[in-house]
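**Q** Sequence:
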Amino acid sequence: MQIKLPLLAAAAVVALASPLAAQDPLEAVIDTSDADRFAALFVETEEKPSLEQIEADYLSQAGEGLALMQTTRFGTAEALHSAIAGSPATYRDAIQRCLPIAKGMQRDLRAIYLALSALFYDEALPRVEVVIGAGKSAGIASPSVQVIGLETLCAASPTETEFRSAFRYFFAHEPVHSFQPPLDEARLGNDPLLTLALHEGVADMIAALVLGRVPDVERDAWAMARMDALFQQFHADRQVLRASVARGETLATFSPEAGSALGRWFFNHNRVAEDWRSDLGYWIGRQMALAYVDHAPDKRKAIEELVQGFDPMTVLQASGLSDTNEFGGQ
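Per the working numbering, the very first residue in the sequence shown carries number 473; after that it's consecutive.
No lab work stands behind these hints: they were computed from the structure.
Quick caveat, the model's predicted, so the values are computed rather than measured.
Please note that the accuracy of each hint is not assured.
Stated by the list, open to error - Ranges between beta-carbon positions, derived for each pair:
hint, residue 1, residue 2, range
1, Glu657, Asp795, 21 to 31 Å
2, Glu516, Gln704, 54 to 64 Å
3, Glu519, Asp770, 20 to 30 Å
4, Ser559, Trp748, 44 to 54 Å
5, Ser554, Ala596, 15 to 25 Å
6, Trp694, Gln533, 21 to 31 Å
7, Ser732, Gly558, 34 to 44 Å
8, Arg659, Ala768, 32 to 42 Å
9, Gln533, Ile573, 34 to 44 Å
10, Gln525, Arg698, 28 to 38 Å
11, Trp694, Glu524, 46 to 56 Å
12, Gln704, Arg569, 20 to 30 Å
13, Glu524, Gly576, 43 to 53 Å
14, Ser532, Ala693, 23 to 33 Å
Beta carbons are placed, not taken as given, at the ideal position from N, Cα and C, and that holds for glycine.
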């Protein structure tokens with residue numbers, strides 16, 4: 473199993489060097505200009521835009537969000553052209569059903585940004601851009617922009633209620649990634665599964681705090697009923713990945729065993745057996761983050777430490793959810 477770093481997670485963070493100005497939550501807007509340009513091209517070409525049209529009329533005019541999505545997710549005009557040709561109904565549905573809903577969710581965004589600004593008053597809230605990609609990612613963030621892949625999110629949300637709920641979740645989850653240190657190979661360190669779980673779990677914990685609900689009710693209930701067994705498997709898989717890193721392997725060169733251990737928790741949306749659930753690494757990470765905050769005398773400081781990427785092993789041990797016999801007591 474090969475995993476390339478740019479596809480590390482659906483909400484990976486890309487570092488930008490430019491300074492940022494704080495954004496007033498009451499002035500936050502949902503920028504759909506790239507999605508609108510794609511929609512116009514899709515309709516004008518009777519749902520069959522050529523490779524040249526995709527490049528000239530869409531990608532070459534990309535805003536920051538679309539450029540980020542292309543660079544880190546689907547790469548080329550050829551990949552997007554192939555995705556459109558393979559499932560034009562997906563793009564038709566995104567344009568006709570979901571784009572109008574997305575345009576009407578500015579109040580939701582502002583309410584969520586107001587809540588986030590109360591927690592992170594020194595952070596610059598990222599702009600929100602809705603784009604059309606190649607079905608590779610529903611969300612990604614940099615320090616200055618959070619990008620929502622409309623076609624992916626729409627395909628995963630068959631009803632308006634589900635789509636609105638998913639959109640609100642991304643409004644709350646993705647900005648946290650813009651506050652976190654970039655998740656690169658160096659930061660993954662010698663315990664990549666733990667680091668990745670906390671990276672996503674912290675964002676999910678804060679999203680749940682802001683939204684007043686867990687991100688996935690069904691998954692949460694299923695996992696809570698199996699908590700001990702899940703943590704035992706998680707710690708066993710951590711050992712597999714730590715051994716892989718110790719042998720000098722990287723994300724791109726993990727052994728099949730290490731790839732399977734990672735894939736048990738991440739990169740498996742809707743591709744798991746009936747006795748498992750997708751993206752359980754998010755749930756595991758949220759449990760550790762919640763426990764860390766619950767045990768902390770200063771909860772606001774604890775949240776700040778988590779977002780800043782506080783030492784993962786320290787967080788795990790303080791959470792009380794570690795395997796006391798793991799790794800020779802390290």
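**Q** Which hint numbers doesn't this structure obey?
**A** 3, 4, 5, 6, 7, 8, 9, 10, 12, 13 and 14
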